[in-house]
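Visitor: Each chain, written out:
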Amino acid sequence: MNNKMMISIILGFMCLLLTYGIAIQVKTTNNLGTTTSSNATENKLRDAVLKAKEKYDNLYNDLEEAEKKLEEERANATQNNSELAELESSIQEGNKAAGLSEVTGDGLVITLNDNQKISASSYLGDPNELLVHYTDVIRVVNELKNAGAQAISVNDQRIVSTSSIECVGTVITVNGEKIGMPITIKAIGLQERLINVDRQNGYVMILRENYGIVADVEKKENITIPKYTGVIKFQYAESK
Amino acid sequence: MKIKMKKEKIVMAVTIGIACFALMLVMFMQFKVVRQTDITAIEDMRESDLRVELSEWNQKYEELNAQYEDVMSKISEYQTEQESDEKTAQLLETELEQLNEALGMTNVEGEGIIIVLEDKGGTQLSDGETVKSINIEDLLIIVNDLFAAGAEAISVNDQRIVAMSDIFNIGSGDNSFIRVNGERITSPYIIKAIGNQNYLESAVIGKGGRVDVLKGLGHEATIEKSNKKIEIEKYNGTISTKYLN
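These protein sequences, in sequence, are chains A and B. Numbering of the first sequence is given in my numbering, commencing with residue 987 and proceeding in unit increments. Numbering of the second sequence is given in my numbering, commencing with residue 162 and proceeding in unit increments.
These are computed hints drawn from the structure, not numbers from a lab. A virtual CB, placed ideally from N, CA and C, is assigned to each residue, including glycine.
To spell it out: a stretch of chain B is covered by chain A in this simulated footprint if at least three of its residues, at any positions, have a beta carbon under 8 Å from a beta carbon of chain A; those stretches are:
| id | segment |
| --- | --- |
| 1 | 175-189 |
| 2 | 248-256 |
| 3 | 260-267 |
| 4 | 309-320 |
| 5 | 353-364 |
Let the sequences and hints guide you as you build the complete structure.
Guide: Right, here's the structure in full:
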């Protein structure tokens, strides 16, 4: 009699647990149903983003062709008149300076990367010191400008008059586009002057020697710097 | 009786064993499902990011499309005016003007803000600390953050910031000074920016905003948001493209 009661109590307890487990299970599955549906909207969104990007890329290609055509037409219209040809060449030079056309030339390539030798956990100081921050990129770009750079790109994002280098969470963006490590900064200018960025106690050397951050500076010939992929168009500023 | 007892015990053990097995199975399934649910939860968080990205691409498309139409209309203008040198010259001048705008080679005016920073470096605070001077990184960050907030033109002490403008420290210690575009500037630092007033202001105030940070360190800082249009002078240097092919 005692035994039977024991069995029924244990079985009852088991059944209770089992029911409980099943109940949770059913509930989770129900919830899963709703996340699956939001997954569907997410997939739709992802699809829409891809389509929007493709549409943009197509237009970008069209624009590039149109710009080439414009250059041809311009050259055509000015070829028989030296005054006009002069105006035409100042447009070309202006486009180079403004970052609106691709340029090549001799210069420097600087590579920045987080400290690769010391792991953050074994570092006694602030582990943030081992990382490349957006402020470091701003400072190095500023050094290059001071050393007479005439065109600069950061991971192929051309630096133009309204460019900004930001930090979104742990990601650095240039012209609003995300860039990853390592960071490659290209600069065209007089090499003998540009190399001055690697001077004693300069920002680049401090990064390298005080924080062990990778900051390689290399002279290079025939560097190609792409044009700005955005649009410089003023809404608020009016020329007088 | 003894045998019966054994039999009952075996039945009990088997029943409990099966129940335990079933329970374990359910729980195992449960864990698996829960883990999957966690993953979808992370993906769920991305939905808002996706929406932001979508609207960004659409906005970029609109901008690019305006640019495309502009180029197309220029092409047809050059084609129709090809015979007249006078008209061609006009077209070229218009293009150059637009280009000069993008280069910062024109005086501009428009809505914006004026930030005035007065360096209180060297002042002794009540807690015995000395205020650290405003340095080039402060100015670089303010200028950068204003551009990030959509500034279309910026000047620092009337030095227009163009693509290759530098803000540099010359000398060291008490004898150091700041140069913008190679010209020496001193406190008060007056930063003018044209763009949406609210966006510009919010880029430099609040948590992490460099103007508020400088105020917190003991410097004097004001932001002027008047209804009057702000005027920013053109870059007065020359922009060389000697090394660009």
